[in-house]
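With the sequences and hints as input, model every part of the structure.
Residue numbers (the working numbering), protein chains in the order written: chain A, 256 to 580; chain B, 256 to 580; chain C, 33 to 371; chain D, 33 to 371.
Treat the hints with caution; some may be incorrect.
[What the hints assert, rightly or not] Listed next, the in silico DSS-like pairs over lysine-lysine satisfying Cα-Cα at most 27 Å (straight line): (1) C/296 / C/312; (2) B/576 / A/508; (3) A/576 / B/508; (4) A/557 / D/70; (5) C/296 / C/70; (6) A/470 / A/576; (7) A/436 / A/508; (8) D/352 / D/55; (9) A/450 / A/470; (10) D/70 / D/55; (11) A/557 / D/352; (12) D/296 / D/312; (13) C/352 / A/450; (14) D/312 / D/70; (15) C/70 / C/55; (16) B/557 / C/352; (17) A/470 / A/436; (18) D/352 / B/450; (19) D/296 / D/55; (20) B/436 / B/557; (21) A/306 / C/172; (22) C/296 / C/55; (23) B/576 / B/470; (24) A/470 / A/557; (25) B/557 / C/70; (26) B/470 / B/450; (27) B/576 / B/508; (28) D/172 / B/306.
Hint data in this document are derived by calculation from the structure and do not stem from the laboratory. Predicted, not measured: the structure shown is a model, and the values here were computed from it.
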Amino acid sequence: MTEVNLAQALNSALGTALDSDDRVVLIGEDIGRTGGVFRITDGLQERFGAKRVFDTPVAESGIVGAAFGMAIAGMRPVAELQFMGFSYPAYDQIINHVARIRNRSDHRFTAPLVIRIPFGGGIGAAEHHSESVEAIYAHVPGLKVVVPSTPYDAKGLMLAAIEDPDPVIFLEPIRLYRAIKEDIPEIYYTVDIGKVRVEREGDDMTLISWGAMMKETRAAATELENQGVSVEVLDLHTLSPLDADGIVTSVEKTGRAVVVHEAPRTGGFGAEVASIIQERALYSMSSPVMRVTGWDTIFPLKRSEGHYLPSSDQIVAAAMKSLEE
Amino acid sequence: MTEVNLAQALNSALGTALDSDDRVVLIGEDIGRTGGVFRITDGLQERFGAKRVFDTPVAESGIVGAAFGMAIAGMRPVAELQFMGFSYPAYDQIINHVARIRNRSDHRFTAPLVIRIPFGGGIGAAEHHSESVEAIYAHVPGLKVVVPSTPYDAKGLMLAAIEDPDPVIFLEPIRLYRAIKEDIPEIYYTVDIGKVRVEREGDDMTLISWGAMMKETRAAATELENQGVSVEVLDLHTLSPLDADGIVTSVEKTGRAVVVHEAPRTGGFGAEVASIIQERALYSMSSPVMRVTGWDTIFPLKRSEGHYLPSSDQIVAAAMKSLEE
Amino acid sequence: MYSLISPDGTVSGRLPLTLDQMKELYADMVEARAYDRKSMAMQRQGRLATYAPFEGQEAAQIGAAAALQPDDWVAGTYRDAALMWRAGYPWSLLIAGRTGDERGGSPPPGVNVLPPSITVGGHMIHAVGLSWAEQLQGTKRVALTSFGDGATSEGDFHEAMNFAAVYQTPTVFLCQNNGFAISYPRDEQTRSESIAMKAEGYGMPGEQVDGNDVAAVFTAVSAAVQRARNGSGPALIEAVTYRLGPHTTADDPGRYRDGDETEKWRERDPLLRIRRLFEKAGAWAEAWNEQLERRANESIEVAVAEAEALPQPTRDEMFKRMYAEMTQPLRNQLGEGTS
Amino acid sequence: MYSLISPDGTVSGRLPLTLDQMKELYADMVEARAYDRKSMAMQRQGRLATYAPFEGQEAAQIGAAAALQPDDWVAGTYRDAALMWRAGYPWSLLIAGRTGDERGGSPPPGVNVLPPSITVGGHMIHAVGLSWAEQLQGTKRVALTSFGDGATSEGDFHEAMNFAAVYQTPTVFLCQNNGFAISYPRDEQTRSESIAMKAEGYGMPGEQVDGNDVAAVFTAVSAAVQRARNGSGPALIEAVTYRLGPHTTADDPGRYRDGDETEKWRERDPLLRIRRLFEKAGAWAEAWNEQLERRANESIEVAVAEAEALPQPTRDEMFKRMYAEMTQPLRNQLGEGTS
Ligand SMILES: Cc1ncc(C[n+]2csc(CCOP(=O)(O)OP(=O)(O)O)c2C)c(N)n1
Ligand SMILES: Cc1ncc(C[n+]2csc(CCOP(=O)(O)OP(=O)(O)O)c2C)c(N)n1
Ligand SMILES: [Mg+2]
Ligand SMILES: [Mg+2]
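What follows is the structure in structure tokens.
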């Protein structure tokens, strides 16, 4: 065991994968010499050489398209897109080719690749550097979408994603890269994709979130417990395939749910969660599923971030409102 | 008044716009000489010349990016993307630039352009020609998303979209282009963007849809009326900004709702509709909001289309299930 | 422009192919044309979905595919049936695909030909990735990607060309310049005099060849394939040809080009040219040609029968095709049935 | 490579600029450098968000902007503050933008300079659309778009270059080749010998100039602007320069380049070169230079004060910025408050 933050856990996962599987290669902008703008691949090019870890031209569609071809030819590429706001030029490759080749070829050709995308705001970054568009990936049939919020999950889910026979969009919460430390095994281990993680058990209500918003959700849960509310906290940590049973089981028990995400509310993934709950647990619901989310605005620049980012206070307030109903 | 189908109504709208406003130009692949693969711009290049209606290279990002620049410089471009499956290469321009310039420049620069996107399946087309990803556009702050399902709306909404000071994604239901005929004014008129259209009034339940699925929804409504169920039918015809009040008012009256769309269910726009209903009308709901949608699969090729497309029977069945609860 | 056989069948210099090789290439072109004509007919009978004919481009496709090894990679388009077939993709599966059946996208093991790309431009970078992987894995395989003149306008063309050059991947870029992107003529698509010269901007060799001269295409592509296989990097070949038919069965060429132009190109028909070559060489026999055509039609009829014998695809196949193992949401939806 | 003034200040041939013009250009470069250094300092003090310095690229930016008319369009990047300022964009707003305030994106009426593009590659086509619109509307305005060497790897570069050439829009493409895309050196980005030569593939003129020679940049860009204004179409100019500082304040160049290289380029400093020119011409006065620097620092201090005097942006401004008229969903959300 060794105590690491989420960024180090990802670095350990990628190193472990390169070590244990010759088919694994890393490809992306500035991931070699500099180890990536977030240093997630720090030291890996020195360790494994320039034929395993590739710096690329600034061309996201090319990065994903090339990694896709490599995957079809039997390799296990892990592509890095520098920020989620720069994943859009690759969206066509992802939705039209990566997600479809298995279906197009009736299983004859497959694309076992991982696309790493740092996402979310809160670091006072420039425009396009604070996106949370998980919904546009979770809506695409043929992809899996994974979002760790702890160092342990980060390594285990990354190794599971690299093992996975289908393409995985791996979303990395920028704000959590260095926020939490945790003991994780130095050896190879995986965490199952497709299962909700019950982070905390409780009876009065269910808080549901993923990624960086788990931080505010945890804070809100603690605050609520202090006020005598027994809270269950779910970290979805896989958005697709979604573990509907895991969500419904919890809400059937608590009767109340607040779903929290940083993305704009309209068409955000919280809508899917709320829809499933009302579809399958309407008669256990003591109050509507509340959504605490980003607003339907563009993520603002540094000086206005506070106006946008959901806070633990908002979560607590929503929870209280839910309890009053 | 003249009786036209939806395709002719769009042609009339574009002709009227070119006629009445010098700032309007059309730009897209094969829209000039051939009048577009669906003939929506048929005859317009002859009528208005090659400096108003431009054929372009096969480059969707270029088409949208150039139209965006034109719009900033004071023109009113209407760009055509040949099929929704080919809108993805332009997604970066749309989400990162078209939707953002007003915010980025604090209203100093704006992008009053219309992006026309034929969408939906049911015509036995090749792969990528049957997409329904309205959800990935409706989730983007800064855009408006419009979807006509009648000839009258098609012309009125198109002229409203061209007038609109903000960018509008104009989704055209391929399957309805020539399916319905209707009398529409030959003159200039607009239909408001942002209001639900109550197509049919009823008391027992609300059917909610948009685009090509309105056809099955209408058929289901008739069938249900025959079975003695009084059905209210809403054609959202604007997905963003969404008229939540219009939806909630109806469901508060009927207590039951079925939302119908062709897109895959998970993360589809139906989730947003269901979430809003349970948020604002939970205590009027006699049963869960049902979703009749495409499956979480890739839209299949011709021989399997029947396995994918939601049918009026499915809508009727969902409605009956809802009534039993 | 590199060419070996002129439209009237005269050879400039010595032909680097034997008579038997030429006969094989001709026979393949005959079979390809039989497939193309049959497909057009079937589409009109409603037996196929939209079809994109390649009549006039047989030399470019057969000549290029003949330059490959059986296990090389191919990433082509909706118009490349002849190329894909010559590279090992069975007619029956190509037809099945056009009937609207995903099973048509699955060539036999060992045939490294991707199902046709329907999006324009997106697939060239796939060939770069495929051949890059082969290079890293130490095989000698190369990848050939075929695309049209219109596809060179897409940003993805630029990124694919650049990646191939930067990493010196064993990739051969074959542009079939057939004069049009649907209705948009080549001369309006770009101001560069040729598509071949675009290669320079990537530090890659580029060559323009007469795409209706099967010997020239075969020779030029063979050279590019050899370079790639020997580790000398990628190349771009522009095969100048012409689409004699409509863009697809849904297209009306009358709206954007005049018949004279098409007639002019009929004179440059790639099959006619070989016939004339053989006639000059005294190697033409009417009976032999009829036999080729008969055999071609027979093999296409067999393929059609196979394709149409495929049972109606079932609903659960649609769900099963999505992932290696069906996900829970899909299992639930499969269970819902369609009422 | 086109150049007029060598690093040691000697002029090759006759300088097509007057001494006064040279003094103005120098003064502008001095002011730009003052802004750049001040910004670096402010960022370290936490008064600015991440900052992308342009030290070493002053000649490329000031020389290019000086070739424009006040109402021409400019679409540049996060590193083009000097260019944008010389084109009319106030320092105070550039600073406001870097403090993280959207109001910094709104230049005064009549200043046709877009706020900086943060995405790499996406904005070049905007300049094509802007100048295309001016052409259609019959004005004489041109658009200049500035971008880096790395941006030429994006598919959007290809589409923008092609559209400009196809429609012969009055667009000037200025590539500031500063050697790196963050850590990725120019030589690895593409195998083409120069970026300028990429223009050929689009049937567009391309020219490589010494980007640290303000006279050469001004002259070359002026010629391209004239061509465009006269309806002779677009052009690409590659200004070869060097980023003396880090990519941004978050970057550590030590990881990907050695100090010697940077020192070599310090010798080619664009300001130093003009100083030497003046010294040779006996037109250099220490006092004058000190005065310029003093004035520059003063005007930057004024701008900083203005920028930092902007009141904290309010929550409702964030909602109001989204559409011409706030939509109902936004009105509802604004009403929800943040508790
Ligand atoms: C990304 C994308 N945009 C548009 C289309 C629609 N489309 C299909 S074929 C075609 C023209 C392609 O021309 P070319 O590359 O020359 O190939 P050809 O059809 O002539 O063989 C277009 C625009 C598409 N399939 N994909
Ligand atoms: C589409 C996109 N991809 C990646 C990035 C991250 N990024 C910011 S600057 C940069 C390098 C750009 O290099 P160059 O074009 O040479 O401009 P320079 O920074 O050298 O001025 C990268 C990759 C981005 N901003 N946008
Ligand atoms: Mg073509
Ligand atoms: Mg650079």
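Each hint tested on the structure:
Under the criterion of a C-alpha separation no larger than 27 Å, the hint pairing residue 296 of chain C with residue 312 of chain C is consistent with the structure, at around 22 Å. Taking the CA atoms of residue 576 of chain B and residue 508 of chain A, the gap is near 25 Å; set against the 27 Å cutoff, the hint holds. Between the alpha carbons of residue 576 of chain A and residue 508 of chain B the distance comes to roughly 25 Å, so the proposed pair stays at or under 27 Å and holds. The straight-line distance between the Cα atoms of residue 557 of chain A and residue 70 of chain D is roughly 20 Å, inside the 27 Å bound, and the hint therefore holds.
As the CA atoms of residue 296 of chain C and residue 70 of chain C are separated by approximately 24 Å, the hinted pair is consistent with the 27 Å bound. A distance of roughly 21 Å separates the Cα atoms of residue 470 of chain A and residue 576 of chain A; the hinted pair therefore holds under the 27 Å criterion. For the proposed pair residue 436 of chain A and residue 508 of chain A, the alpha carbon gap of about 31 Å is over 27 Å, so the pair is violated. Distance check on the hinted pair: residue 352 of chain D and residue 55 of chain D sit about 45 Å apart at the alpha-carbon level, beyond 27 Å; violated.
Only pairs whose Cα atoms come within 27 Å are accepted, and residue 450 of chain A paired with residue 470 of chain A is accepted, the gap being roughly 20 Å. For a cut-off of 27 Å, the pair hint linking residue 70 of chain D to residue 55 of chain D stands: about 22 Å separates their Cα positions. For the hint linking residue 557 of chain A to residue 352 of chain D, the alpha-carbon distance of about 17 Å falls within 27 Å, and the restraint holds. Taking the CA atoms of residue 296 of chain D and residue 312 of chain D, the gap is near 22 Å; set against the 27 Å cutoff, the hint holds.
Taking the CA atoms of residue 352 of chain C and residue 450 of chain A, the gap is about 20 Å. The hint holds against a cut of 27 Å. Proximity of residue 312 of chain D to residue 70 of chain D is assessed by CA-CA distance (about 30 Å); at most 27 Å being required, the pair is judged violated. Distance check on the hinted pair: residue 70 of chain C and residue 55 of chain C sit about 22 Å apart at the alpha-carbon level, within 27 Å; holds. Proposed proximity of residue 557 of chain B and residue 352 of chain C is supported: the alpha carbons are some 17 Å apart, at most 27 Å.
With a C-alpha separation of about 13 Å, the suggested pairing of residue 470 of chain A with residue 436 of chain A holds against the 27 Å cut-off. Among the hinted pairs, residue 352 of chain D with residue 450 of chain B is consistent with the structure: their alpha-carbon atoms are about 20 Å apart, no more than 27 Å. Between the alpha carbons of residue 296 of chain D and residue 55 of chain D the distance comes to roughly 25 Å, so the proposed pair stays at or under 27 Å and holds. A C-alpha spacing of about 26 Å is found between residue 436 of chain B and residue 557 of chain B, which places the hinted pair at or below 27 Å, so the restraint holds.
With a C-alpha separation of about 17 Å, the suggested pairing of residue 306 of chain A with residue 172 of chain C holds against the 27 Å cut-off. About 25 Å separates the Cα atoms of residue 296 of chain C and residue 55 of chain C, which keeps this hinted pair within 27 Å; it holds. Taken as a hint, the residue 576 of chain B and residue 470 of chain B pair is honoured in the structure, with Cα atoms around 21 Å apart against an allowance of 27 Å. The hinted pair formed by residue 470 of chain A and residue 557 of chain A meets the criterion: a straight-line CA distance of about 20 Å does not exceed 27 Å.
The hinted pair formed by residue 557 of chain B and residue 70 of chain C meets the criterion: a straight-line CA distance of about 19 Å does not exceed 27 Å. The hinted pair formed by residue 470 of chain B and residue 450 of chain B meets the criterion: a straight-line CA distance of about 20 Å does not exceed 27 Å. For the hint pairing residue 576 of chain B with residue 508 of chain B, the CA-to-CA distance comes to about 19 Å; that is within 27 Å, so the pair holds. Pair hint residue 172 of chain D plus residue 306 of chain B holds up; C-alpha atoms about 17 Å apart against a cutoff of 27 Å.
When the structure is compared with the earlier hints, violations turn up for hints 7, 8, 14 and for no others.
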